[in-house]
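K.L.:
Between the sequences and the hints, there should be enough to build the whole structure, so can you do that?
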Amino acid sequence: MKHRFSCFGILILIFLQAGCGGGGGTSDSGSYTTRVEIVVGGARTASKEILREASAIPSGVEAIRFTISAPDMTTIRRTISTGGRTAITEIFQVPVGPGRRFLVEALDSSGTVVYQGETYANIGSVSVSLTVNVVNVDPLTPVFSGLANLTGISATSMILSWAPASDNLTPQGDIQYLIYMATAPGAQNFSAPAFTTPAGATTYEVTGLTPLTTYFFVVRAKDEKGNIDSNAVERSATTLAPPDTTPPSFGGLGAAQGNIELRTIDLSWSPATDNVTSSANLVYLIYMATASGQQNFSSPTFTSSAGATFYRVSGLDLSTTYYFVARARDEASNIDGNTVERSAVIDTEPPAFPGERYFAAEATNYGEITLTWDPASDNITPQSQIVYLIYQSLTPGGENFSSPTYVTAPGATSFVVTGLSQEAAYYFVVRARDLAGNIDSNTLEVWAVPIPGPG
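Per my numbering, the sequence shown starts with residue 1, numbered consecutively.
For the record, the hints were derived by calculation from the structure and aren't laboratory data. Cβ atoms here follow ideal geometry from the backbone N, Cα and C, with glycine treated the same way.
Label pairs and their calculated CB-CB ranges: (1) P98 / P139: 29 to 35 Å; (2) Y120 / P185: 50 to 56 Å; (3) Y366 / F401: 26 to 32 Å; (4) T203 / G83: 35 to 41 Å; (5) E368 / L262: 38 to 44 Å; (6) T89 / V126: 20 to 26 Å; (7) P171 / S127: 35 to 41 Å.
P.N.:
The structure is reproduced here in structure tokens:
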């Protein structure tokens with residue numbers, strides 16, 4: 001990677017001249033010196049040759065220190081403040097001789113050498129021009145407070161964030177961050193980061209993680225020179241469970257029962273189960289229609305409270321049949337797809353069981369009387385679902401209509417009464433009851449005496 005301000009150029013122009021002493025220094029023997037012009041961070045033309053333009057002095061450089069030396073001369077040293085300049089030119093008188101070392105150092109505000117370059121030249125009878133690359137020797141690591149937060153945690157990812165680091169030379173926008181990850185505290189491998197951010201980043205999303213796993217992170221800052229801070233701030237977080245995509249297991253609506261007194265329909269069911277959500281946190285979506293199979297499953301008519309196994313539907317029209325489907329929904333919004341349908345009606349009309357119908361009582365065996373009747377009819381309940389309440393008395397009109405003596409199976413049109421005395425007359429009234437619990441009020445009464453036993 002090419003680092004910004006990793007080096008800048010120095011032009012050294014050596015001009016042949018005759019002279020003794022003077023200038024920026026002399027030789028130990030008092031021999032001849034020549035004029036040397038050093039250009040830092042600028043472009044010059046020398047001997048009709050266009051020299052390439054050197055990069056400007058970086059903004060973090062506060063001073064330039066020049067050192068010119070050789071075994072046979074007195075060392076020349078000079079330090080020049082940049083004063084915010086991007087180019088500096090300095091003139092030196094350097095003794096003629098071989099192996100002159102030209103060392104140029106760039107210093108920051110603390111006096112630390114951050115750039116350095118050198119070259120050697122023989123100073124004699126020929127004018128020369130030299131180019132020196134001054135390279136970054138930044139010894140300081142970035143100042144960084146480390147990882148601050150772990151947010152946006154999902155089953156397979158999380159977002160790391162931090163405040164930007166600062167550096168003596170590298171701008172914040174060019175600092176990179178090395179992310180070290182482990183599944184145990186303090187187990188990061190600092191020789192090999194798990195992830196490296198783009199320059200200037202202050203957040204990073206780590207993906208591809210394992211659900212329900214705790215991860216430990218350390219983030220360190222790296223400047224353009226490759227210096228890495230050594231903070232050990234560790235943050236940890238645990239990934240979430242994988243997304244729940246399995247709907248509840250539910251047997252559907254168990255019963256729908258009209259309540260005449262309250263004019264409601266009561267729905268009930270057994271609780272559903274789910275692989276993640278507890279039964280106490282499952283809710284039930286209730287879909288209602290006035291025709292079988294016409295529920296709109298994209299929009300429930302009612303929604304139960306969590307954990308409910310009962311729901312009372314009110315505000316309904318009397319004598320209208322309503323059809324219901326109930327479905328279970330878990331906390332991840334998965335909904336089961338059962339189509340179990342139950343129907344009910346708020347039926348206030350009793351069955352039609354008129355007094356002029358056929359109704360007979362006949363002694364058919366020892367101690368037995370068989371009752372037979374024509375079936376009743378109802379506005380809602382089919383004949384096959386109508387049950388019959390049989391009231392028995394030993395006197396005419398003595399039946400107790402608050403408590404039937406016998407109740408038939410649904411749809412029955414006959415009933416055998418057994419265990420009777422052979423010498424008494426028995427009186428009977430039969431009334432019809434529909435599925436809503438409505439009971440007709442006829443008082444048609446028949447009677448019979450059981451057949452006496454032998455002897």
